[in-house]
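Undergrad: Using the sequences plus the hints, can you model the full thing?
Number of protein chains: 4
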Amino acid sequence: MKNPKILEQLESWIEDNRSHTILGATAKYIPALANQDPNQLGICIMDHEGELYEVGDVNVEFTLQSVSKILSFIAACDHHGLDYVLDKVNVEPTGEAFNSIIPFEIHRPNKPFNPLINAGAITVSAILPGENIPAKYDNLLAFLEKFIGKRLYMDVEVYESEWKTAHRNRALAYYLAESNQLELEVEEALEIYIRQCSISISLQDLAKIGLVIAYDGFDPISKKQIFSKEIARVAKVLMVTCGMYNSSGDFAAHVGIPAKSGVSGGILAAVPPKWHSDEQAFRKGCGIAVFSPAIDSNGNSTAGTMLLKQLSREWDLSIF
Amino acid sequence: MKNPKILEQLESWIEDNRSHTILGATAKYIPALANQDPNQLGICIMDHEGELYEVGDVNVEFTLQSVSKILSFIAACDHHGLDYVLDKVNVEPTGEAFNSIIPFEIHRPNKPFNPLINAGAITVSAILPGENIPAKYDNLLAFLEKFIGKRLYMDVEVYESEWKTAHRNRALAYYLAESNQLELEVEEALEIYIRQCSISISLQDLAKIGLVIAYDGFDPISKKQIFSKEIARVAKVLMVTCGMYNSSGDFAAHVGIPAKSGVSGGILAAVPPKWHSDEQAFRKGCGIAVFSPAIDSNGNSTAGTMLLKQLSREWDLSIF
Amino acid sequence: MKNPKILEQLESWIEDNRSHTILGATAKYIPALANQDPNQLGICIMDHEGELYEVGDVNVEFTLQSVSKILSFIAACDHHGLDYVLDKVNVEPTGEAFNSIIPFEIHRPNKPFNPLINAGAITVSAILPGENIPAKYDNLLAFLEKFIGKRLYMDVEVYESEWKTAHRNRALAYYLAESNQLELEVEEALEIYIRQCSISISLQDLAKIGLVIAYDGFDPISKKQIFSKEIARVAKVLMVTCGMYNSSGDFAAHVGIPAKSGVSGGILAAVPPKWHSDEQAFRKGCGIAVFSPAIDSNGNSTAGTMLLKQLSREWDLSIF
Amino acid sequence: MKNPKILEQLESWIEDNRSHTILGATAKYIPALANQDPNQLGICIMDHEGELYEVGDVNVEFTLQSVSKILSFIAACDHHGLDYVLDKVNVEPTGEAFNSIIPFEIHRPNKPFNPLINAGAITVSAILPGENIPAKYDNLLAFLEKFIGKRLYMDVEVYESEWKTAHRNRALAYYLAESNQLELEVEEALEIYIRQCSISISLQDLAKIGLVIAYDGFDPISKKQIFSKEIARVAKVLMVTCGMYNSSGDFAAHVGIPAKSGVSGGILAAVPPKWHSDEQAFRKGCGIAVFSPAIDSNGNSTAGTMLLKQLSREWDLSIF
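Residue numbers (my numbering), protein chains in the order written: chain A, 4 to 323; chain B, 4 to 323; chain C, 4 to 323; chain D, 4 to 323.
If you are wondering where the hints come from, they were derived from the structure by calculation, not from laboratory data. Among the hints, a few may not be true.
Since the list can't tell identical chains apart, any single copy or any two copies may satisfy a pair.
[Claimed, not checked] Okay, derived cross-link-like pairs now, BS3-like style, lysine-lysine, Cα gap no bigger than 30 Å in a straight line:
no., residue 1, residue 2
1, Lys91, Lys227
2, Lys287, Lys226
3, Lys8, Lys277
4, Lys226, Lys149
5, Lys149, Lys91
6, Lys91, Lys312
7, Lys31, Lys312
8, Lys232, Lys287
9, Lys232, Lys8
10, Lys312, Lys114
11, Lys226, Lys5
12, Lys5, Lys153
If you're wondering where the values come from, they're calculated on a predicted model, not measured in any experiment.
TA: Right under this line is the structure:
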C-alpha cells in the first residue's frame, strides 16, 4: 500500500530540484536528444512489493544510452558466467573520460578498464549471446523482458542519429580491434552497441529493473531469480565505482546508491534492503528511475543527481 | 565470547594462503621494509564486543604507510569538517598509479583526485590541525589514541629511510606547490606526510581502528562516538573506490569490504554490521587487520588480499 | 661522368653496413612486407647531372609507405598553395609515436602536429586535388610523373593487406572526423592514404625525386621547376625535424640530410648543394635512395640509416 | 665596413615589428621579469668581420634564461666530449611543453628527450665541469669569456626570484633523481641551473656568441676555434628542432635560422655562411641577438620572432 507521506515528500522535492535543470543542457551531439525539453524531471520508485511512486514528468520514454551498459554486462555474465566476461573486461575505475583513448595508449592493457566506459561496453556488447547482430540484440531484449514482462523496442531515429555520428566510438572500437580485444568486426560491434543504447524505456520499467538489481537478481514480486547474486554484486560494485561517469566518487560519497546514468538524462538506481530498525522509507529496498534530460559536463542529469542526493540524505538510503 | 569454530577456520585459511606470499616481494625502495621476512602472514579480527581473533604471525609491528592516508583524512575532517577538506581534495578514483603526475598535467585539476593517492594524501597532511609540524603530528597521534587508548610511536629507521628516498613524493609535492594546492611549504608537508607513514602499529590496534570505522565512527566497546557518521561514510566510499591502489575495483568485486592497504604489507578493513538473519560470522560487524609484507606490483599484500577474499566469500562479508 | 672512386667507396660501405640488417626485422603487421628478404641493402645516388651511382641490391621495387607522406604534402601544396595546407596541418615535431592518439586527446589541437605523422598524412591525403578518390590518386601519380617521366603503379597485394589491417589508422581517422579535421569521409580518406602508401617505386626513381627536392623543386637535368622553392623549404624542414619517425633528432645530429623513411625499408634523402670549395663528393647536391627492409622499433631501416650515417660523415653531406 | 642600406632596412623593420609586442606579455612567473617595459625591441647583428649593426633598444641587459641551455650544452660537450653528453641526454624533439612530466611518465626514458627542455637542461647543468657549484658556475663563465672576452655576471634579483618560485623545476628534478638521471643532488643541480639562467648579457655580446656558433665554433675575428665543429653541428640541429619551444617547427619553416629563445625575451640566432653568389646581405654568415620582453604562450618573444621572420625572408637567411 502506498505511503502518502512519501508521495508528498517526493512532490515537494521534485519542485525543489527542477530548477537544477538550468545547470545542464541536453546532449548536443545526438540531434534526437538535443531537441528534448530540458526542463523535464520525473521519478518513479518501485518498492519491494511492487508499489509504484510516480512523481513529476513520468509519462516519458527515453533511450537507455549508457544505462544499457550495465544491463548488457549483466546479460553477458548471465549467459557466459562472470569469469568469462571478466576475462574480457576489467572492473577498475579510471579517472579519464568515458571515451578516452589515453589510458589504452599509455598502459596498453589487454582489456578495457571496466564495462561502463565505452571501450569496455563495446567489448561486452560484442560477446552478447547470439550468432549474429539481430540474434544478439534479440537476446538482450529477451533478457530484459524477464525483468519487466514486455518487449522493449528501439528508437529508430536515435539509432540512426547515433550511428552516423559515432566517430569517437568507431575510433575506440578500431583501437580495440588493433589489439585483438574485440570478438566481432568493428562495424558489427558498433551496431549492437548503438542498438542497445537506442532502446527506449519508461520510468516505470526502469524502476522495476532497479528493484531486481537491488534484490541481487531476485524479483521480489514474481519471486523469481532472474540472474545470480554473484553477478548482482559485481554489477553494484561497478555502479558505485564507475556508474556516474567521472563523478562516480562524488555520487558515492553524497548519495551512496548504486546507480548508472545515461546522456539521455536517465538514471537507474538500486537501493538494497538495510537492517536499520527505525521506520525508514524503503528500508526493504527499492528500484529508482529518474529522468531529466539536462546533463552536466560529465554526462549526468543535473536535476536527477540533485534529486537523488536529497532522497538519499532524507531517507538514509546510502549503502555506506 | 570467542567462537572456537571461527578460530579453527582462520587457522586453516592462514595456512592455505601463506603460499601466496611467493607471488609478491617486500617493498624494495625503502630499505627498512625490504629486509622483512616476506613469508609472514597474520590476521587479527575484533568483533563488536571487543573479542579478538588472532591467528598467524600476530606479534608484529609494522609501519602504517598508505594506511595512514585514510586515518589522516578522517582526522582532518574531524577537525575541519567534511566540506572544508573536500574543498582541498576530490573523492574521484583514478586509473593512474598512486604516484602519477599524468592526470595532474593533463587535466590541471584545482585539487587532487582523492586523498588516497599520494598527491591527495600530502595535501591532507598539510591541513592536519596544529600550528607546526610537531603539533600536527602530535594531534594526529592524539586522534588515533581515541581509538586505541594508547600513544603510537614512529619507526625512526623507516622514517629516515623514506625521507631520503622520497624523490617522487617531492616531485608531486612541488607540482602541487606550483599550482598553490599545498597549505604548507613542500618540505614541511613532506615531513608530516612521511612521519604519518612511519607510525608503527600492531595488528591488534589496527583491528580496533577498523571496528570503529565499521561502526561509523562509533566505538561499540567504549560506547563513544569518536568521529561523525558523515565522515565515516565518505571514508568507506574512499576505501571501496580507491583503497587498494589500482586493484580497488577488483577488490571491491571479489572482497567487497572497505579496506586500505600499505606497502609495508598491512591492510586495514572495516566490516559494517549487516541485517542478514542467518547465523553468519561477524554479522554485527568487525574490524580486521592483516599483515604480510610480500606485496604485488600494485602495492597490495599478495597473501593478505587472498586471505581477505577467502574470508569474505566464506562468511559473506561483502557490503555489495 | 661517373667518379670511379665514389663507386668503390660505396661498394665497400655497402658491405660494411649490410651486417646491420640483423639489428632489425621486416615490418610484421603487413604480411606482404613481412615476407621480404631482410638481408637486402641497396643504394642509388643521382648527382646534379643525372649520373647514377647504383650499388648493392638495386634491382628492387618497394612500396613508398611513409615516404609517400612528404610527396603528397608537396603535391597538395603545389595545388592549393602552402598557406592552405598549413591551415589544415601544423609543422611541429612531436615526441610521440607516428600513430599516437595521446597528443590529440591531451592537447585537442585543431589540426594534426605535422603531415608526417599518420593523422597529418591522412588529413593531407584528403585534400589532394581531385573530385573523388580515383581522381585524387591519379593526380598524385601525375604529379610524381613530373619528377621521373613515368607513371608509377600500385602494389595491389600490399594495398589489400594494409586496407584490411588498418585498424589503428581507422581509429586515428575517426578521431579526426569527430573534430571535423577531415575533408573526406573516413573510409575515403583512408583509401587515398593507403593507395599512396602502396605505390611501388624503384631506387633509381626515388633518387631522382630526392634530387629535385635537394634542388628546391627544380629539376637540374630537365631544367624545369617542378614545384616552388617555398614548398621545398618547408618540405626539407619537415624531413629534418620529423622525417625519421622518433629518431629524427638523432638522424639530424648524426646524418644531417633531409630524409624520409618508410616501414618498407626505403629512405628518400635530398642533399642540397653546398658552397665548400674543396673537392668534396656531391658538393653540387644529389638525391639518394636507400632500400633495406629490416627496420628498427622506430620504423627506420637499420642498415639504411647506418649507411647514410657513414656517407654523411665521410663526404661531409650534413646541412648543419 | 658597415653597409648603410642594411642599417636603413633594419630601422624600418624594427618599427614595423614593434607593434607585435602587444600580442605578448612579459613573463609573469618571475617578478623581476614581469616588471620590464614590454614595448622594447632591439636587434644587434655581428657580421663575419665583427662589424655591428645595432638598431632599436640596444642598450639593454637581460638574463639568458633558456638561451643558457644551448650554451651550457656546448660547454659540457667541450669538456666531456659529445658522446659523453649524448649518453646523458637525447636529441629528440618533443611535442610537449618544455616543463612537461608527461613524456617521462609515459615513456620512462632513461634520459631526457633533449637538452633544451628543462629536464634535459638540468641534467646537463649537473655535469658542467667543476667539483662543486661555484666551480661549475665559474667554469661556465670562463667558457663564455672565450667568446666575448669578458666575464659575465649574474642578476642576483632574478636569481633569487627564480630560486624561490622554481616549484615546477624542482618537481622535474626530483623526478629525474628518482630514476637516477641526475649526477648531483637535486638542490645543487637546481642551483647551477638557475644561476646559468640568471646570467645577464647585452645584445652585443649575444650577437658575438651567435657568430661563433654560425662559424661552427670558430671565431672569425680572433681566428680561434673555441669549440669543435662536431659540437656546433649538434648545437645547430638542437636549435633548429627544439630551440623555439613548441613553435620550433613553425620557426624552422618560416625563418629557418638556428636559434634559441628565452622567457626574458632574448633570442640568440646563428646564420651560417651560404654559397649563393648574389649580393646577399650577410652571405658570409652572422650572429644575431634580439631582445623584446613581451612573450607569447609558448615562451617566445612575439616581436622578436616576427622581426627574424622578416629578416630571413628579405635576406634569404634560411638554411633550408
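Undergrad: Evaluate each hint against the coordinates.
TA: Outcome of the hint check:
no. : hint              : result
1   : Lys91 <-> Lys227  : within (29 Å within a copy, 47 Å between copies)
2   : Lys287 <-> Lys226 : both (15 Å within a copy, 28 Å between copies)
3   : Lys8 <-> Lys277   : both (20 Å within a copy, 28 Å between copies)
4   : Lys226 <-> Lys149 : within (12 Å within a copy, 47 Å between copies)
5   : Lys149 <-> Lys91  : within (25 Å within a copy, 46 Å between copies)
6   : Lys91 <-> Lys312  : between (34 Å within a copy, 21 Å between copies)
7   : Lys31 <-> Lys312  : within (26 Å within a copy, 43 Å between copies)
8   : Lys232 <-> Lys287 : both (17 Å within a copy, 21 Å between copies)
9   : Lys232 <-> Lys8   : between (33 Å within a copy, 26 Å between copies)
10  : Lys312 <-> Lys114 : between (33 Å within a copy, 23 Å between copies)
11  : Lys226 <-> Lys5   : within (20 Å within a copy, 38 Å between copies)
12  : Lys5 <-> Lys153   : within (24 Å within a copy, 52 Å between copies)
Of the numbered hints given earlier, the model fails none.
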